[in-house]
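Q: If you read the sequences in order, they're chains H and L. Each residue of the first sequence is one higher than the one before, starting from 1 at the first, in our numbering. Each residue of the second sequence is one higher than the one before, starting from 1 at the first, in our numbering.
Read the hints as simulated data drawn from the structure, not as lab findings. Note that beta-carbon positions come from the ideal geometry of N, C-alpha and C, so glycine has one too. Do not take every clue at face value.
So, partial list: chain L residues that the calculated Cβ filter (under 8 Å) puts toward chain H [as the list claims (entries may be wrong)]:
id, residue
1, MET1
2, ASN5
3, VAL7
4, ASN52
5, GLY75
6, LEU76
7, THR81
8, PHE83
Just so you have them, the derived chain L footprint on chain H, three or more residues with Cβ under 8 Å [what the hints assert, rightly or not]:
id, segment
9, 76-83
10, 373-380
11, 449-458
12, 478-488
Which stretches of chain L does chain H cover? Using the computed rule of at least three CB atoms under 8 Å from a CB of chain H, they are [claimed, not checked]:
id, segment
13, 29-38
14, 63-71
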Amino acid sequence: MSALASAVAVVVADEGTPFDLPSINYSAIAPILIIFGAAIVSVLVEAFAPRRARRPMQLVIVIGSVIAALVVVISLAGTRLVTAEGAIAIDGPALVMQGTLLVVSLLGALLMAERGIDPLGDAFAPRASTLPGSEDEKQFTQRGYLQTEIWPFFLFALTGMLVFPAANDLLLMFVALEVMSLPLYLLAGMARRRRLLSQEASLKYFLLGAFSSAFFLYGTAMLYGFSGTVSLVGIADALSAKPSEGALVAIGMALLLVGLLFKVAAVPFHQWTPDAYQGAPTPVTGFMAATVKIAAFGALLRVLYVSLGGMRWDWEPMLWIIAVLTMLVGSIVAVTQTDIKRMLAYSSIAQAGFILVGVLAVSPEGLSSSMFYLIAYAFTTIGAFAVVSMVRDANGEATHLSKWAGLGKKSPLVASIFAVFMLALAGIPLTSGFIGKFGVFTAAVASGAVWLVIIAVVASLIAAFFYARVIVLMFFSDPGPDTASVVVPSTFTTIALAAGATVTIVLGIVPQPVLELVSNAGIFIR
Amino acid sequence: MNPSNYVVLSAVLFSIGAIGVLVRRNAIIVFMSVELMLNAANLAFVAFARMNGNLDGQVVAFFVMVVAASEVVVGLAIIVTIFRTRRSASIDEPNLLKY
Chain H
1 MSALASAVAV VVADEGTPFD LPSINYSAIA PILIIFGAAI VSVLVEAFAP RRARRPMQLV
61 IVIGSVIAAL VVVISLAGTR LVTAEGAIAI DGPALVMQGT LLVVSLLGAL LMAERGIDPL
121 GDAFAPRAST LPGSEDEKQF TQRGYLQTEI WPFFLFALTG MLVFPAANDL LLMFVALEVM
181 SLPLYLLAGM ARRRRLLSQE ASLKYFLLGA FSSAFFLYGT AMLYGFSGTV SLVGIADALS
241 AKPSEGALVA IGMALLLVGL LFKVAAVPFH QWTPDAYQGA PTPVTGFMAA TVKIAAFGAL
301 LRVLYVSLGG MRWDWEPMLW IIAVLTMLVG SIVAVTQTDI KRMLAYSSIA QAGFILVGVL
361 AVSPEGLSSS MFYLIAYAFT TIGAFAVVSM VRDANGEATH LSKWAGLGKK SPLVASIFAV
421 FMLALAGIPL TSGFIGKFGV FTAAVASGAV WLVIIAVVAS LIAAFFYARV IVLMFFSDPG
481 PDTASVVVPS TFTTIALAAG ATVTIVLGIV PQPVLELVSN AGIFIR
Chain L
1 MNPSNYVVLS AVLFSIGAIG VLVRRNAIIV FMSVELMLNA ANLAFVAFAR MNGNLDGQVV
61 AFFVMVVAAS EVVVGLAIIV TIFRTRRSAS IDEPNLLKY
């Protein structure tokens, strides 16, 4: 009503437009605008720059804009405001997630830019439109064509991810979800080798992703029907004003959570994860495994804590079941996997379950420990996929586990780094994974869910088995004729791998600075 | 006419779309079913906008149309690529990724 009154006041004042101009704090959303602007410039480069110049120009744009946005995010530290007429909330948790997303994306960009591993070029098809195995494809490969359109896709996906955890109304959240997902569907289908698998991954990821976003949207419609607004705070107010809610709220909440749980890959909405992770080009898998998880958990946390906090007793039992299923199914099915990328995909499902344990604490400690877990998980995951992209045989990446047997004797350094990542994912002390698991379990115990933590510990024991199996395979069996070899990468992958390993170990030994960062981030603004 | 009937209609359309996604085997039809679900949500938004007496729902419907259009672009690109490779738009045939 007040918006209508002020609109009328404007009309009376200057006979001009009947709408109030929205007040937007441009400096608070500058990181998003920088990446979005860079994405548009990057499209223009694709359209107008000569072919040979595109790759260097795109790399400068991508790396420059991500670093610039990161600097702005750091300078915004301590900001706590809601802008764009309540659509965007820039608060501590949003800034922590945006900062993490930018650093991890920088590593992801370095992996995607790598050209020294595959003798044919980078990890992407020279022309994604050519038929796999066709004469055209050979011609393009011989001439050294590169599909530089991956860079605009990368930047648009990153734009969506930056908005997703900061979105303070469900409409913006839906748009951010799509802006994040649509480029990733395409990136998943652009692998240079094993293109049939890659295209299949893209199709499955797309159809299931579109299906789940329709659920998200219909849930939004139901909550709008109940509360008359799509703003998270407005929905929370309506829920506390009309506690006798009824069917609209129950259906709306359930459908909305289906959409979000799909993106975090929680069981039973996880079916796309192994296929998309296995088929997509490995740098893209590393990038999306790390970043989508952060962005989606950011949005899930905001929806649950800001908007549906008053309905806690209704959604908590459902999410308990989902968290238990996610941890157990992820861990148990990972044990039976024979492909390293698929195993890491199931491992990421199990990790989503552990993060859900932190989310379900519904307390400031739950929020900060989930954020710490996400940071630790993201760096470890991107490092692990960097190693996967380096272990190769004559046919490209050697992803079958049998080819990793004896790798520790053939290439001790890389195998040891991979072992560190496996130990971190398993949650062994002195790695970031241990501090992360300890944080979420402590928060869950403090909120009274002891039985959930017991199940989580059992699931981590099962998970530790398959992580340890890879280490045993690498170090305690002799290299055979099938054992893959490790290709020495260029500086790009080396930096990403070193950064992933360093953060994994440093967060395990001196976690205090990052623990302070996530606990000082405070809670979501209302 | 009572606007709540439109909400019921939108729920029916949404269910038809969801069932279509689950039972149909042609990627194009599956994709059309997803679009039907999005448009069912649009209908619900517009009906609720009328019932709630504010314009938010109508604005949302416009945004959803744009998003659905861009989803069509991406989706058809992927489906056409698969069709050119496999000479089929069946979603049962791409079955290399499993277990």
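Q: Against each hint, give a clear statement of whether it holds in the structure.
A: Hint check results:
The interface hint given for MET1(L) is broken, as the beta carbon of that residue sits about 17 Å from the closest beta carbon of chain H, more than 8 Å. Because the closest C-beta pair between ASN5(L) and chain H is about 14 Å apart, greater than 8 Å, the hint is violated. Checking VAL7(L) against chain H by beta carbon gives a least distance of about 7 Å; that is within 8 Å, so the hint holds. Hint status for ASN52(L) relative to chain H: holds, with the closest Cβ pair at about 4 Å, below 8 Å.
Look at GLY75(L): its Cβ gets to within about 6 Å of chain H, closer than 8 Å, so that hint holds up. With its C-beta approaching chain H no nearer than about 10 Å, LEU76(L) sits outside the 8 Å limit, and its interface hint is violated. This hint holds: THR81(L) has a C-beta 6 Å from the nearest C-beta of chain H, less than the 8 Å allowed. Hint on PHE83(L) is violated. Least Cβ distance to chain H is approximately 10 Å, over the 8 Å limit.
With 0 residues bearing a CB less than 8 Å from a CB of chain L, the segment 76-83 of chain H misses the requirement of three and the coverage assertion fails. Remark: the segment 373-380 of chain H is not confirmed as covered by chain L, as 0 of its residues place a Cβ nearer than 8 Å to a Cβ of that chain, below the required three. Counting residues of the segment 449-458 of chain H whose C-beta lies closer than 8 Å to any C-beta of chain L gives 0; at least three are required, and the coverage claim is violated. Evaluation of the coverage hint for the segment 478-488 of chain H: breached, as 0 residues show C-beta separations to chain L shorter than 8 Å, against a requirement of three.
Only residues whose C-beta sits within less than 8 Å of a C-beta in chain H count toward coverage, and the segment 29-38 of chain L has 5 of them, enough to reach three; the restraint holds. Coverage of the segment 63-71 of chain L by chain H holds. Counting CB-CB distances below 8 Å, 5 residues qualify, and the rule asks for three or more.
Going down the numbered hints, you'll see the structure goes against 1, 2, 6, 8, 9, 10, 11 and 12, while the others check out.
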